[in-house]
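Student: Given next are the chains, with one letter for each unit.
2 protein chains.
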Amino acid sequence: MICWAFSISIQIDAQEKNLAEKLGHSKDSKLLIIHADDIGVAHSVNAASISAFQKKGISSGSIMVPCSWFPEIAAYAKNHPDLDLGIHVTLTSEWKNYKWGGVLSSKEIPSLLNKQGFLYESVEEFSKNAKPAEVELEVRAQIDRAIAFGMKPTHLDSHMGSLFASPELFKIFQKIGKEYNMPVLIPINMIKQMAPQLEAVVEPGQVTIVQLFSLSTSIASEKWNETYNQFIEKITPGLNEILVHLAYDNEEMQAVAIDHPDFGSTWRQNDYNFVISDELKAVLKKGNIHLITWRDIQKVWKAK
Amino acid sequence: MICWAFSISIQIDAQEKNLAEKLGHSKDSKLLIIHADDIGVAHSVNAASISAFQKKGISSGSIMVPCSWFPEIAAYAKNHPDLDLGIHVTLTSEWKNYKWGGVLSSKEIPSLLNKQGFLYESVEEFSKNAKPAEVELEVRAQIDRAIAFGMKPTHLDSHMGSLFASPELFKIFQKIGKEYNMPVLIPINMIKQMAPQLEAVVEPGQVTIVQLFSLSTSIASEKWNETYNQFIEKITPGLNEILVHLAYDNEEMQAVAIDHPDFGSTWRQNDYNFVISDELKAVLKKGNIHLITWRDIQKVWKAK
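Those protein sequences? They're chains H and R, same order as listed. Residue numbering for the first sequence follows our numbering, beginning at 7 and increasing consecutively. Residue numbering for the second sequence follows our numbering, beginning at 7 and increasing consecutively.
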């Protein structure tokens with residue numbers, strides 16, 4: 007009998023559980039990460055993102071290590087070790103009047119920097135110039151700086167999607183994720199639509215997102231919550247993620263995002279208002295959607 | 007007769023005019039520069055300083071090139087070439103949660119950076135570690151970056167006085183000023199009081215400040231204007247300068263200056279309120295004090 011029971015147990019273990027089951031949910035559960043990007047870029051972003059964490063409006067976020075406001079969020083994270091924060095690998099500096107370089111010196115990453123010594127403004131310029139070996143060095147340096155500041159980052163993603171710009175960069179992204187035992191953002195829906203050449207290089211054993219949702223840039227303020235709600239109502243079983251970009255619509259954020267309404271100051275205030283709303287909580291409850299974190303995933307994910 | 011008149015003229019030229027005379031004022035004129043430090047460090051500082059320039063509350067200012075908000079003030083300066091802006095040579099990064107490195111790479115200026123890759127927090131740490139050759143490189147790089155952004159800097163001064171930390175650094179400061187044809191801040195009153203070892207290395211031909219005034223850190227808000235006014239009322243003939251530190255007391259500035267009331271957010275709002283006040287204009291008029299700029303000085307000053 008003992009022997010038989012043992013063999014049953016082996017059989018169950020051998021049958022790979024899906025992510026929902028590994029996290030203690032039923033197989034067909036709808037899982038959702040509500041994720042705030044760009045934390046660390048400005049004080050306004052830090053303050054709104056911390057507030058959204060406290061109000062349980064977001065379950066996760068990721069930080070931009072090369073920015074001047076990184077030490078503020080790193081200090082907060084060190085004092086709140088349960089917070090789910092990953093590294094928003096930052097290889098571009100997109101704003102007009104507010105700039106940053108890399109963590110590494112210009113001698114080490116010359117191909118990542120423009121003539122002024124800042125990271126390039128666009129992914130196009132980045133991918134045209136960046137040498138993969140220098141990208142790899144800089145990504146590691148950003149993770150290492152976060153760890154040196156006492157953080158325990160839970161995942162890797164990529165600011166403006168720069169690491170999705172080529173299969174070679176996408177491989178580096180996955181390789182470094184494995185080495186640091188951090189799952190990386192792999193949004194299958196977006197890859198199929200926008201970067202199908204990456205599909206063949208998604209490595210076995212990676213956690214993948216069924217649907218990643220980010221508001222389109224043409225959205226009007228009055229359509230904000232409705233558009234998010236429509237996405238949430240259609241969520242299917244498996245792992246889903248909503249990317250939000252939070253800040254208070256104040257002087258600082260207006261100046262950072264000058265001449266750039268997409269992902270700008272009003273945009274970020276709209277996102278903040280949405281994530282802290284009772285409406286969002288009601289929609290999630292109605293849809294029987296489980297909010298999870300990258301830390302949950304990290305715990306059950308084994309880098310191979 | 008012609009010959010005699012000519013010889014008189016030679017005699018007058020040979021008799022060195024003082025700065026006031028060179029600027030078209032009478033010999034015993036009281037000259038004052040009202041100078042905003044730290045421009046470029048934060049958007050709040052940029053916005054308040056630009057407003058104070060527009061309201062003619064300050065006559066001059068200087069910028070911190072390594073900071074993320076430098077491009078904002080550089081763009082403004084490029085479009086307002088008459089603005090009097092110098093380089094606030096920045097060799098420290100003093101705030102708790104908001105940091106910057108140098109303009110040069112960590113490979114070029116290792117002695118100026120702490121373990122985290124940022125400039126040191128204090129002048130003490132800076133002067134204990136800094137190699138003069140690296141200081142010289144970084145000072146030049148800061149000036150060169152400002153020029154590369156289309157600025158025409160009018161003078162050099164030193165954030166937190168780090169270039170007053172030793173005779174060797176003070177010599178570098180003067181040497182680079184001469185090379186770029188920029189007068190440098192040499193406050194005779196403060197040198198006598200706080201760094202008498204520098205007196206012997208003030209080079210002939212330098213423009214010197216008779217009285218440089220900066221509010222003491224113990225000042226109460228209600229004593230603000232009164233304290234400045236007392237200084238102004240006692241101004242004597244020659245070149246004087248008041249250092250102010252402007253910002254709006256808003257969320258950004260409060261976060262920059264967290265746990266640091268001296269030169270903090272309220273402090274800077276108090277300074278802003280003072281410089282734009284009618285009271286200041288009245289006190290200056292009553293004292294027959296001429297507001298001048300470093301650009302005025304630069305025009306008549308010949309580096310030797």
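A few of these clues could be false.
You can't tell identical chains apart in this list, so a pair holds if it fits in one copy or across any two.
[What the hints assert, rightly or not] Heads up, simulated DSS-like pairs for lysine-lysine below, C-alpha to C-alpha not over 27 Å straight-line:
#, residue 1, residue 2
1, Lys102, Lys158
2, Lys102, Lys61
3, Lys121, Lys84
4, Lys113, Lys305
5, Lys33, Lys84
6, Lys134, Lys113
7, Lys198, Lys84
8, Lys84, Lys102
9, Lys198, Lys23
10, Lys113, Lys137
11, Lys198, Lys134
12, Lys158, Lys121
13, Lys198, Lys102
If you're looking for bench data, these hints aren't it; they were derived computationally from the structure. Source: prediction; values computed, not measured.
Student: Any hints this thing doesn't respect? Which numbers, in order?
Tutor: 4, 5, 7, 13
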